[in-house]
Structures are given as structure tokens and as C-alpha cells.
Amino acid sequence: MAEQYLTLNGNKFYYDEIADYSFRNSIPLNGYESKTLEFCRSWLNGVQEFPIQTSGSTGVPKTIILTRKQLETSARRTVKTLNLKAGDCTFICLNTEYIAGMMMLVRGFLANLQIIIVEPISNPLTLVSPEENIAFASFVPMQLHAILSETPERLEQLNSMKGILVGGAPLTPTQERELQQVSAPIFHTYGMTETASHIALRKLNGPDAAAYYNVLDDITVGLDKRGCLTIKGDITNNELLVTNDIVELLTPTRFRWLGRADNTINTGGVKVQVETVELAISKAMIGMENPPRFFIAPQPDEVLGDKIVLLVEGAPLPPAQEQELFERMRDLLRKFEIPKEVYYAPAFSQTTTGKLSRLKTLQKMGLYTDPTR
1 MAEQYLTLNG
11 NKFYYDEIAD
21 YSFRNSIPLN
31 GYESKTLEFC
41 RSWLNGVQEF
51 PIQTSGSTGV
61 PKTIILTRKQ
71 LETSARRTVK
81 TLNLKAGDCT
91 FICLNTEYIA
101 GMMMLVRGFL
111 ANLQIIIVEP
121 ISNPLTLVSP
131 EENIAFASFV
141 PMQLHAILSE
151 TPERLEQLNS
161 MKGILVGGAP
171 LTPTQERELQ
181 QVSAPIFHTY
191 GMTETASHIA
201 LRKLNGPDAA
211 AYYNVLDDIT
221 VGLDKRGCLT
231 IKGDITNNEL
241 LVTNDIVELL
251 TPTRFRWLGR
261 ADNTINTGGV
271 KVQVETVELA
281 ISKAMIGMEN
291 PPRFFIAPQP
301 DEVLGDKIVL
311 LVEGAPLPPA
321 QEQELFERMR
331 DLLRKFEIPK
341 EVYYAPAFSQ
351 TTTGKLSRLK
361 TLQKMGLYTD
371 PTR
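What the sequence shown shows, in full-length UniProt numbering, is residues 1 to 373, in sequence order.
Don't read these hints as lab results, they were simulated from the structure. Accuracy of the hints is not assured; some may be wrong.
[Unchecked claim] If you anchor each label on the Cβ, the simulated ranges turn out as follows:
#, residue 1, residue 2, range
1, Asn237, Thr174, 34 to 42 Å
2, Ser34, Arg293, 26 to 34 Å
3, Ser149, Asp218, 33 to 41 Å
4, Leu29, Gln321, 46 to 54 Å
5, Leu29, Thr63, 17 to 25 Å
6, Asn112, Lys35, 21 to 29 Å
Computed from a predicted structure; not experimentally measured. Ideal Cβ placement from N, Cα and C applies to all residues, glycine included.
Just need the whole structure built from these sequences, with the hints factored in.
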């Protein structure tokens with residue numbers, strides 16, 4: 001049997017060397033490489049429990065413990081769903097310290113895939129040859145957008161893949177339309193650290209693209225009294241996991257994600273769902289050249305209690321363009337949903353996994369208000 005190895009930032013590391021760390025004296029490593037290989041060493045040596053930190057995109061980061069069995073169970077489902085075979089190449093460009101990148105490693109080991117790892121940057125395909133025959137990759141929306149907009153010649157490389165996962169953040173209508181040029185199947189993932197990555201997939205492109213998620217085999221979902229998704233299965237050790245995600249349960253195995261229960265703004269006595277407003281604003285920005293990132297947030301108001309404000313990343317829009325944007329929003333939103341003010345930030349804060357950190361951005365701008373006030 002040929003010696004097994006992975007490639008990390010262009011360097012080849014054999015599994016037996018990783019298992020006993022015999023390479024450390026010959027190859028200089030940066031911090032990311034060291035942490036990635038530390039997980040690989042633990043996996044190859046049969047470690048049974050793994051401490052994993054949540055990303056902190058929806059709250060304070062915390063560390064949870066997942067078992068090897070949970071990680072293997074999740075990995076097998078993805079390998080089966082995408083029909084991955086031994087020898088297929090998996091491209092890992094997500095932070096391996098967090099569940100999305102870590103599970104890419106587990107899938108690679110479990111299915112005996114060829115593993116190529118690069119540091120997580122905005123356009124990761126620039127770090128590998130366009131001739132590399134990649135079968136499976138996972139990206140955040142920002143990375144796929146950068147690949148398609150900055151290096152359109154890499155479309156052929158994307159098209160040759162068996163499957164592409166995208167997750168970590170919602171996609172805008174513009175981003176979803178952009179993905180229609182890719183012929184390889186692209187799936188939007190639903191999951192979290194506690195479920196060892198995704199438990200449901202939504203097809204984003206092709207004739208069978210859908211607005212709903214399909215739950216993977218042998219996982220049971222339901223609703224609690226708030227209308228939030230509940231999850232139970234081997235991936236949760238058959239314990240009921242209650243989420244804060246409000247969904248519309250279409251069938252026992254299909255649901256439409258609506259938003260987070262803790263993402264509501266009470267303005268003038270009316271509860272407004274943040275995700276609903278942000279989707280409408282995304283539609284209002286269609287046609288803009290390079291639409292900026294944005295989000296909405298509450299700010300104290302003497303009359304309304306809380307008013308909705310819009311935060312936009314980058315230089316302020318020209319007055320005429322800003323006025324046009326608000327006119328479009330008025331056509332798509334109810335009066336109480338329309339932002340009362342707009343604030344601009346040179347750059348939004350991000351988590352270590354590249355997700356937008358609303359809390360840190362608001363704190364940096366001096367706009368954070370304690371929700372328990």
C-alpha cells in the first residue's frame with residue numbers, strides 16, 4: 001500500500017510522521033500549520049474526545065466536547081451524500097480549529113481522500129494549480145464570490161467537482177444568482193458545532209435548486225413552542241438539541257430557515273425579524289455595483305423604545321444612491337421595518353472563521369446597547 005500523506009501549504013506530510021511528530025525538526029511551521037497538524041496527530045493516534053470552540057458569530061464563543069464517534073457519524077453522512085470515493089481530492093480552505101474545517105479533515109481521513117490544505121484566505125483557489133483535480137470543497141460565501149469575480153477562469157475547476165458545500169453565513173439573492181453559473185452541485189449547509197457540522201443541506205443551483213433544507217438520513221427534527229428547530233439523532237447522542245433557529249417545518253424531513261429567535265427587534269411594540277428585513281435590503285441593493293456588506297441593529301429611541309438602524313461597510317454611499325436605496329426599501333418593507341438611520345463603518349469586525357461579528361462591530365462603532373437594559 002502506498003504511503004499516505006496530506007499536503008499543507010504546499011508541503012507534504014506523511015501520516016506516520018504526523019502520528020509521531022517526527023517531521024517537526026525538519027520543516028518550519030507557522031501557528032496555523034502547527035494547530036492543524038496537532039489535530040491530525042490526535043486523530044491518527046485514535047483520540048476519542050475533541051474540545052472544539054464555537055465561532056462566536058451568534059454569541060460568546062464557548063468550548064464543547066465532541067466524541068470521535070460523533071465526528072465519524074457526521075463525516076460518513078456527507079461522504080455518502082456526495083458519493084465521495086477513496087482517492088478523490090478534498091480541498092480544505094476553512095479554519096481547521098473550528099468545526100467546518102475540522103470536519104473536512106475528518107471526512108478526508110475517514111474516506112481515504114487525497115487531502116490538500118491551504119490557509120483560509122478570501123480566494124483560496126489561487127493557492128493551488130488550476131490543473132488540480134479537486135472533487136470536494138467547502139467555502140464560506142465570501143470565498144465563492146471572490147473566486148467567481150476575481151478568477152473567473154477557475155469556473156472550470158469548480159465545475160469538475162463532485163460537490164461543493166457553502167456555509168457559515170446566509171447568502172444574498174445576488175450571491176445565489178451568481179452561483180447559477182456553476183454546474184457542479186452546490187449545497188448550503190445547516191448545522192452547528194454541537195451537531196458536528198451540518199445536519200441538513202439545501203441545493204443552491206441547477207434545476208432542483210430549492211428554498212428549503214433536506215434533513216440527512218436518520219436525523220429527527222421538530223419544533224418547540226417558539227417555532228424553533230429541534231434536532232435528535234446519533235449525532236446528538238440521541239439527546240434533544242433545541243436551537244434558536246425559527247423555521248417553517250414543511251415535512252418531517254424538510255424545513256425553511258426563517259431566522260433566529262434572538263434576532264428580533266421590538267420597535268414601537270412591533271416585533272421585527274432581522275433576517276426578513278436584511279433579505280429585503282439585499283433585494284433593494286440588486287443592481288448596485290459591488291453591493292456592500294450590511295446589517296441592521298436596534299438603537300434606543302425615546303418614542304419607539306428601539307429604532308432600526310442600517311450599518312453599511314465601506315465609504316458612505318453618494319447621497320443620490322443612498323436616497324435611491326431607501327426608495328427601493330420603501331417598496332419592499334413595511335413602514336416600521338424601514339431603517340431610521342444609516343451608519344457607515346470602514347470595515348466590519350469578523351470572527352476567526354471569517355463570519356461577520358455584529359457585536360464587535362457595534363462595540364467598535366460605539367453603538368452597542370445591552371439587550372437586558
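Hint by hint, here is what the structure shows:
no., hint, verdict
1, Asn237 x Thr174: 34 to 42 Å, "holds (40 Å)"
2, Ser34 x Arg293: 26 to 34 Å, "holds (31 Å)"
3, Ser149 x Asp218: 33 to 41 Å, "holds (39 Å)"
4, Leu29 x Gln321: 46 to 54 Å, "holds (47 Å)"
5, Leu29 x Thr63: 17 to 25 Å, "holds (24 Å)"
6, Asn112 x Lys35: 21 to 29 Å, "holds (23 Å)"
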